[in-house]
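> Make a model of the complete structure from these sequences and hints.
Below are the chains, spelled out letter by letter.
Protein chains: 4
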Amino acid sequence: MNTFREAGLSLGRLPVGKKCAITDVSGVQVGHRTIVRGEGEESIRTGVTAILPPGDPFAEPLPAGLFVLHGHGKAVGLWQILHLGTLETPILLTNTLAVFRCAEALITWTLRQHPEARSINPVVLECNDGFLSRIESRPVTEEDALAAIGSASEEVVEGCVGAGAGMVAFGLKSGIGTASRLAGPYTVGALALPNMGRQDDLRFLGRQLDQTSSGPGQDGSVIIVLATNAPLLPEQLSRLARRGALGLARTGAPSDPGSGDFLVAFSTCRGPCGAERVRVEFVPDRSEGMRQLYRAAAEVTEEAVLSALLAAETTEGRKGRVVPVLPRYLLNTVTGDA
Amino acid sequence: MNTFREAGLSLGRLPVGKKCAITDVSGVQVGHRTIVRGEGEESIRTGVTAILPPGDPFAEPLPAGLFVLHGHGKAVGLWQILHLGTLETPILLTNTLAVFRCAEALITWTLRQHPEARSINPVVLECNDGFLSRIESRPVTEEDALAAIGSASEEVVEGCVGAGAGMVAFGLKSGIGTASRLAGPYTVGALALPNMGRQDDLRFLGRQLDQTSSGPGQDGSVIIVLATNAPLLPEQLSRLARRGALGLARTGAPSDPGSGDFLVAFSTCRGPCGAERVRVEFVPDRSEGMRQLYRAAAEVTEEAVLSALLAAETTEGRKGRVVPVLPRYLLNTVTGDA
Amino acid sequence: MNTFREAGLSLGRLPVGKKCAITDVSGVQVGHRTIVRGEGEESIRTGVTAILPPGDPFAEPLPAGLFVLHGHGKAVGLWQILHLGTLETPILLTNTLAVFRCAEALITWTLRQHPEARSINPVVLECNDGFLSRIESRPVTEEDALAAIGSASEEVVEGCVGAGAGMVAFGLKSGIGTASRLAGPYTVGALALPNMGRQDDLRFLGRQLDQTSSGPGQDGSVIIVLATNAPLLPEQLSRLARRGALGLARTGAPSDPGSGDFLVAFSTCRGPCGAERVRVEFVPDRSEGMRQLYRAAAEVTEEAVLSALLAAETTEGRKGRVVPVLPRYLLNTVTGDA
Amino acid sequence: MNTFREAGLSLGRLPVGKKCAITDVSGVQVGHRTIVRGEGEESIRTGVTAILPPGDPFAEPLPAGLFVLHGHGKAVGLWQILHLGTLETPILLTNTLAVFRCAEALITWTLRQHPEARSINPVVLECNDGFLSRIESRPVTEEDALAAIGSASEEVVEGCVGAGAGMVAFGLKSGIGTASRLAGPYTVGALALPNMGRQDDLRFLGRQLDQTSSGPGQDGSVIIVLATNAPLLPEQLSRLARRGALGLARTGAPSDPGSGDFLVAFSTCRGPCGAERVRVEFVPDRSEGMRQLYRAAAEVTEEAVLSALLAAETTEGRKGRVVPVLPRYLLNTVTGDA
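The listed protein sequences derive, respectively, from chains A, B, C and D.
When the letters of the first sequence are read in order and numbered with the working numbering, they come out as residues 1 to 338.
When the letters of the second sequence are read in order and numbered with the working numbering, they come out as residues 1 to 338.
When the letters of the third sequence are read in order and numbered with the working numbering, they come out as residues 1 to 338.
When the letters of the fourth sequence are read in order and numbered with the working numbering, they come out as residues 1 to 338.
Treat the hints loosely; a few may be bogus.
Repeated chains share a single entry, so a pair holds when one copy, or any two copies, can fit it.
[Claimed, not checked] Here are the computed lysine to aspartate or glutamate pairs in the DMTMM-like style, where the Cα-Cα straight-line distance is at most 25 Å: (1) K319 with E116; (2) K18 with E143; (3) K19 with E154; (4) K19 with E316; (5) K319 with E155; (6) K19 with E235; (7) K319 with E136.
By construction, these hints were calculated from the structure, which means they are not laboratory data.
Take a look at the structure:
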């Protein structure tokens, strides 16, 4: 169960998966490399989170799509997802200045298994943790990224881990969150890295909480990765990612002018390959199945963001800044009638 | 005050305009032509709603932008907004099969004032009212559209009027709704035509209401028109329209696979014209002003949708179908802590 | 044979279809309604061209895609093609101010066969013939549009017919042009309505012709409709339409700031329908078949535009304006080494 | 003069700049780091090319836009250009697997001058030189990228230098090419990195050359960077980049399904900055100036691609593969009437 469910909360209409995590999508694994050291001006609060699709993504790419709600971000690998519709590496999340070392790591990782590879499209997304972490010291190494991949398992740790170590959202400490839903025969899972919004933007289960503690009010970003086992075409996965943005909006995420809000979706249901003609099965657009998948995408995204807030811990970082967690008494006022 | 405010409700953080209507943006006017007649299979529940920008839009086009959340709709005039960034006619809302007659009416209207016009880009958007209305009898005429324009004033009537006559959203009777916010020195207003969502999709101020009465569960669409007096470039207005979609998501709008969810935004602040070089003042992207405008766009959109639900009246239409309004006792449970 | 081939010209590498026309794609038909009357200020030089897909498009929609090179045009029906990927009516071409009457005609035509239809997405594209024709008198009627559909056959008449009656491109009289290519087992056809470019923009088989006669130098637009029997997904058809734009560029089309350059592509290979799961066969993106289809799309587009120029006749219209055809002696200099 | 002009060739209608190079746009500089070593299987034929905008791009970002003709590429930094409209680093070109080290180098370069930077958006584009070069040995280092930047000057070396060392286009050896045009008071320049097309795709000044020598027939990509001193908004620069694609099409570039064809455009005319309101002067869309700029963008792109072919030298690389240059006798047949 994710932290949101452990807190006795619920949202939406659809049944949840067994772990209520993105790894309820069979074969998906998540790993973290957390880098926390130093204090004051020397604080490092950062890391890498890896999402591994099942199997060998380079040998057998997976259908993938995306939605860019606002593109002030350094994400790499997305044009190929948009125009070719395939994911061929794990997905890494990290801080803004570590994107390219993580991309290097994905090249290294792929070449180890496929020395014949001549073209590799690493997918890395980022949020900026420079509020709590000395980001410009560039503490993340290729080895860290490879360690995140190496540690991946079906158990998703939430909170201040991996790329989530330095996240701040709605003036509150944030981190990694996850959730899942069952949409008929299919499962949809989300992993969230929320780093956006000011204190008074938050809508926790629709409620605007009047917080007294106050965190930073900067522009920020959010990354959402959606996985499903439903057989969907790339264009349909892009549409699914759009519905993730609906769930994101329900948390109060403002998509500020300086935000890089990217949502990537992939399906673990690979189509058969063929040289000059392929046959693919998929869920038709105008079907009850698709309607449920859309709703699932919105629900898991909303819940994964909220779960990230609940799983986080008060954190002190750069310049002695302390970012508090969501006050529990506010949570109680919500739990009553959620 | 819009119906939402009259009901003692509030949402968001920003101050509201005087009328809490799109016409708080100076010079904007709204008119309706409501067409309600017949019963049973002969029921007509439809109409036209006109949104007039100030001045002569053909002689002096206004900056405009748009966001298409999902494009299963028959909207006309939007490519030119997207690629040229200008609005040169009033905006009309109507039913799905009446779009082109309304476009004809906008050509007629423009040629009356500008007989020299050789190219005119009418903007018309639509939702499908075929659940309550014999839409295929094509009851809307050019005269109806011209009457809607002719009746425009600064007072916005909400509810089952104009294009709102036959709307159904979340299984409830819907119609026209409006709202406004002040964002620093600027005003942002919205007019909503919600016709989307199933009963259990609704999030009224974040709450999922457990309705016992039940309406239709079809795919549906929603149209949002945003107006502002802030000096914005077309691309910025497109970004503003995206933030309207965030507010839309907060109402629970699912953006179903068969939905045509279009958001159009225009600014009443025309730039000066010039032959080979123009000078324009605008709000920079990464400014506090823009952040407030984004939040305003989300707030007015959410509120305009909810106000449409509150302003509507239980309506009987085609095949004796009765679409109820939002039960007031549910509203009371919300009012308590909104 | 199209006029281009009849003139002994050739371009590209791929074999041409039997008629070198869009109707080489089995089941596709083209019809025209030409409206030419009056002289001087009363000149009407306009019409409607209809492209009919095989079978009943409303009962069984066809996969479709599009590319908007520049969107200053009044095209209707394209958002649904973009977001749903289907064509459900014939495609009509006409003048700028007649788009909506043609759309009305498509609603009428569809309702005659499907009285139960509640939502219809007519597809109409346009160029502006106001240079030669009294466009603002709105001479095209619904009956004209229905007549164009009714006259459709497998023989494509090129030149100053249908929507081509009043076209001007590169300062020369233009009209309707068509071409086809075989791409392995598949056929790709194009129908062009060129109305763009100034005199010195033309590249006729790559050559810049130094014309002495001179026509108008206004912004203008071009419409391209591509048809194929290859099994392609909507997104792939959008990519095919992009390659049509490559062929268009080779004619020297400048895509001026006031141009509405739209390319629509559809496949006659309908997928099987299914309620909750469908199986589709298609040509994979990275295949030799797709490479050939892309080249075919570029070749047919270039050739259809040039064929339109060759098939046109010198035309006198509004204000006594005379638009000449491409001087034959220039053609001779090209034929030599084409 | 670029190699194309030195060969006595010309194309288009607009006057050329003094050097007929992208550096005719005042303040723009170009540098190369060429890495050529080894033979046979150990061949390295690669490098880095740097395009520097005038001034300090991080302190004062430049307006920028882009067009992705087909997105099968690993370009980084483009989402921010698309959604924020600014360029804040030099632009680097390199091979497919070296993109991320080059991005690292841009972070290093920026932090040296701006140690306070917390977010940096490096822009790097690539083509795949794996046909001639042992790309998977990852021969490009951060130092190479910094050296390319450091060597930048107003003299543009064309041919097999920098990122051009290993390029192959139309089955011929390709490299770096450049060109410029004057569009009224403004200058437009292009730098091309062509690596696309098969032997029979080439249109050299419109002519299809019947080559007897034959090079590789793989999918490939092309990168175009456009610079101008015209005051343009980001959206306008994106439109300018689209017109570059028209020129690209005229060379016969097929935009194959595996191609990553990216065109980036920037203006050296920075707008004044302002906190809450800015005033910007720009060329209006529908002006003669914009029409000329569009034509200039097409002309320089076409010419830069052809110049790259002419400046290249026959190259032997990996597996003893020899890629020939364009046969001069074919050139002679073209020169006659160009």
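> Each hint should be assessed against the structure and marked as holding or not.
Hints versus structure:
no., hint, result
1, K319 with E116, "between (47 Å within a copy, 14 Å between copies)"
2, K18 with E143, "neither (32 Å within a copy, 50 Å between copies)"
3, K19 with E154, "within (9 Å within a copy, 54 Å between copies)"
4, K19 with E316, "neither (30 Å within a copy, 46 Å between copies)"
5, K319 with E155, "neither (34 Å within a copy, 47 Å between copies)"
6, K19 with E235, "neither (28 Å within a copy, 35 Å between copies)"
7, K319 with E136, "within (14 Å within a copy, 42 Å between copies)"
Violated hints, listed in ascending order, are 2, 4, 5 and 6; each of the other numbered hints is respected by the structure.
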